[in-house]
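Residue numbers (my numbering), protein chains in the order written: chain Y, 1 to 400; chain S, 1 to 140; chain P, 1 to 323.
Please note: incorrect hints may appear among the correct ones.
One-sided excerpt, in silico: chain P residues whose CB lies under 10 Å from chain S [to be verified]: (1) V33; (2) A35; (3) R36; (4) G42; (5) T44; (6) A286; (7) T288.
Worth flagging that the hints you see were computed from the coordinates, not collected in a lab.
Even glycine gets a Cβ: it sits at the ideal position worked out from N, Cα and C.
Chain by chain, the residues:
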Amino acid sequence: MRFTVPIGPQHPALKEPISLRMTLEGEVIRDVDIRLGYNHRGLEKLAEEKTWLQNIYLTERICGICSHSHSTCYTQGVEKLMEVEPPKRGIYLRFLVAELERVHSHLLWLGVAGHEAGFDTFFMYTWRDREVVMDILEMVSGNRVHYAINTLGGVRRDIDDLQKKKILDSLDFLRRRSEFYFKIGANEPSFVARIAGVGRLSKEDALALCAVGPTARASDIPQDVRKDDPYGMYAEVPFEVATATTCDVLGRVVVRVKELMQSYNIIEFLLKNLPDGPVAVRAPRRAKPNEVVSRYEAPRGENIHYIKSNGTDKPERLKVRAPTLANYPATVVMLKHGFIADIPLIFAAIDPCICCAERAVTLVDGRSGQEKVVLMSELRKQAQERWKKAPLKKDAVWPF
Amino acid sequence: MRIAAFLPEILRHLFKKPATVDYPFKKLEVPKDFRGTPFLHPELCIVCRACVRDCPAEAIDILTVNEADKKFKMVIHNDRCIHCAQCVESCPTTPKALEMDQLFEIAAFSRWDLKKEWEYVKAQVKPKAAAGTPSAEAKS
Amino acid sequence: MAILKTLLYLFVYPGLIFLFIYSTFCEWFDRKVYARLQNRMGPTHTGYWGILQPVADFIKLLAKEDIVPERADRTLFTLLPVFGIAAISTAMMLLPVWHFSLANSSPNSFSGDIIVLLYILTLPTLVFFLAAWSSTSFFSTIGGSRVLTMLFGYEVPLFLAVLSPAIMAGSWRLAEIAAFYQHKPLLLLPNVIGFVVSVICLQAKLERTPFDIPHAETEIVGGTFTEYSGKKLALFRLMTDVEMVAGSGLIAAVFLGGFPGGVILGFVNFVIKTLLIIFLLSLIRALTSRIRIDQVISFSWKYLAPLAVLQLLITIVLKGFVR
Chain Y
1 MRFTVPIGPQ
11 HPALKEPISL
21 RMTLEGEVIR
31 DVDIRLGYNH
41 RGLEKLAEEK
51 TWLQNIYLTE
61 RICGICSHSH
71 STCYTQGVEK
81 LMEVEPPKRG
91 IYLRFLVAEL
101 ERVHSHLLWL
111 GVAGHEAGFD
121 TFFMYTWRDR
131 EVVMDILEMV
141 SGNRVHYAIN
151 TLGGVRRDID
161 DLQKKKILDS
171 LDFLRRRSEF
181 YFKIGANEPS
191 FVARIAGVGR
201 LSKEDALALC
211 AVGPTARASD
221 IPQDVRKDDP
231 YGMYAEVPFE
241 VATATTCDVL
251 GRVVVRVKEL
261 MQSYNIIEFL
271 LKNLPDGPVA
281 VRAPRRAKPN
291 EVVSRYEAPR
301 GENIHYIKSN
311 GTDKPERLKV
321 RAPTLANYPA
331 TVVMLKHGFI
341 ADIPLIFAAI
351 DPCICCAERA
361 VTLVDGRSGQ
371 EKVVLMSELR
381 KQAQERWKKA
391 PLKKDAVWPF
Chain S
1 MRIAAFLPEI
11 LRHLFKKPAT
21 VDYPFKKLEV
31 PKDFRGTPFL
41 HPELCIVCRA
51 CVRDCPAEAI
61 DILTVNEADK
71 KFKMVIHNDR
81 CIHCAQCVES
91 CPTTPKALEM
101 DQLFEIAAFS
111 RWDLKKEWEY
121 VKAQVKPKAA
131 AGTPSAEAKS
Chain P
1 MAILKTLLYL
11 FVYPGLIFLF
21 IYSTFCEWFD
31 RKVYARLQNR
41 MGPTHTGYWG
51 ILQPVADFIK
61 LLAKEDIVPE
71 RADRTLFTLL
81 PVFGIAAIST
91 AMMLLPVWHF
101 SLANSSPNSF
111 SGDIIVLLYI
121 LTLPTLVFFL
131 AAWSSTSFFS
141 TIGGSRVLTM
151 LFGYEVPLFL
161 AVLSPAIMAG
171 SWRLAEIAAF
181 YQHKPLLLLP
191 NVIGFVVSVI
201 CLQAKLERTP
211 FDIPHAETEI
221 VGGTFTEYSG
231 KKLALFRLMT
241 DVEMVAGSGL
251 IAAVFLGGFP
261 GGVILGFVNF
271 VIKTLLIIFL
281 LSLIRALTSR
291 IRIDQVISFS
301 WKYLAPLAVL
311 QLLITIVLKG
321 FVR
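Hey, can you work out the whole structure from these sequences and the hints?
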């Protein structure tokens, strides 16, 4: 006997609103229907009304955890449009902050995975050690989140030797703690019992559904934009692509911890080989009419920005394809044949950043199945009519 | 797989000081160059309006009080400010007329309490000195 | 005069007010230990060292809006918290704390009272199940079925483990069991396996990590407690705290040799031994993550039940030698 149950839009397992309608048979999931659109903010339209410089700060605020990835992806694209080449030191500093962001995002994810499984002690410890990375980022860029260190033509701030030394010292501490968390994550029996064999995504399915990021790499697909299509200075930096063969949530934990260790190596390389020189060059106000596609490996997967200019100082069109959007079809396949108890873990294993992935919304008529795009004033009118006709709430009892 | 792999670590923590900072009774230091709120040095401003143009949140307004006396009024709307410090970068004077302070505890009960105003007379642009002197350089 | 004395016993000590104060103290202790194990502070600012925090939570919950869902069974929904508190307070009356030696024991110590105590400790689980069932919302129904499934897992090992020392002592009366072990403290050592098994089963009965499946926050929103709010939720939380005290009191009486020493010293003994067991419970809570419901059943029937049977065999063999 099947019945449909909504997980979300409001649910303690989800940090952001998304609606997953599950068709259940007992405690086993048979089908999932994902509905988006609860977090839509109209960023792409707003980007058309702000200048190239102001849009850096706008794209940064698409997400809080992967803010630097959106900002860098956009800035890379615009620099190509304006035919401006940032200096070497600027590129090195930009990607130093990018790797630090990857470290903080993966430590955050380890904590969230622990919390979804009920392992609160692990959650508290990983977030306490993540504070070291947040303090470094505050020292380098002036803020813990939304670093705002990119500008058209390079970066805005420089680091001196004292800051360099502080970052290198804290790398030892972070390396030790990451290895300890890996040991716990792979050895604590109750935790491994929750995450092993859960959320299977076979290699063929991952390729067919275009999964990106650690979700795909845990299914033994060595796909990483930093290696396949190197941007910035990644062609000169030695590092390996982290993969795992188990295709389940345990594999994703392994991939993310391996990426942490690789990021520490990259940060050390960048700091030791930092070239001298200016950190930014002057960029023009206008860009010639052209279009560009910019790719970037965010902590969650491949981030794509498409930017089109028409010769003025404002973009004609900005389109953002966040990595979580590419992982949704893979999530549906992973959730089928799983238990209810595994829903939060499977969903958290793709590292969902739902606010990154919200784009235009279409309304689907329930009876006829027709789709249309509606104005906000229309939607507001419909909502007010419905509210006027709803019955009064009878059961509330106010105390005292 | 080892049973209670975590146990020695958590028992050790029973005897350590907690990692929590007991805010608001104890506060953390912010590093220098922390981006707090912007404020103006009125005697240096040349009213070029670069900050008004470049602010992503439209948080700076410069109004003309008296054209003949060259009196202007700058209003910084701290309730709209996103603390990106682009205004400080766009300011072309040396030393910069706009500066960021290190305040972050700026909560107020009403948004009208968060607006700051300065009335001032426009400063003179220094004429370019002999070649080689770094005068009012435009920064990117 | 007798009526006044009975009323004093029922409401002040060892009645409801003492229970309220002591169980909120135990909840504070549990939260503080759990926080320190995680390198946090725990309750700090309400009263000295945050000791009034559980009382503050209780008072805050009393002041919140109380909603009964439309399709819920109104009478059952409202009466269940009160019934739960009544049941667990009765369980506290049977612990051998209120009398100070076997010679002048109190009237609620009788032969077979350990069985009655174990039976009354099952009632809160049934109250949880009925509360979930009468809420008629999807999440609480799942929580209710999980409560009963867990009952099949831990109840048998708990009974076997707690009854083994009783067999060794040769009596079903808690006061006599405690007196036996006070005379021969060395005989507490063969009961170690039973002690470990019963502490783990107590953790499952109290529905704390790794067994907090019925009210798992990140999976089913609140499980049994999803639809409860206001005064009823306050009573349910108080019931969980009193259950923790009653369960640890039972284990301390049976495995740690009771509470000898008269009025003052016996009470201090009670406090120290229950706090020791609550410390062990908090340690287990900080150490593990939540496991799935099918893994609970397989764990308890593969490991806990055989260990409890082993303890029983050891007890029977040793009894032959002791006699």
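Need the list of violated hint numbers for this structure, in ascending order.
Failing hints: none at all.
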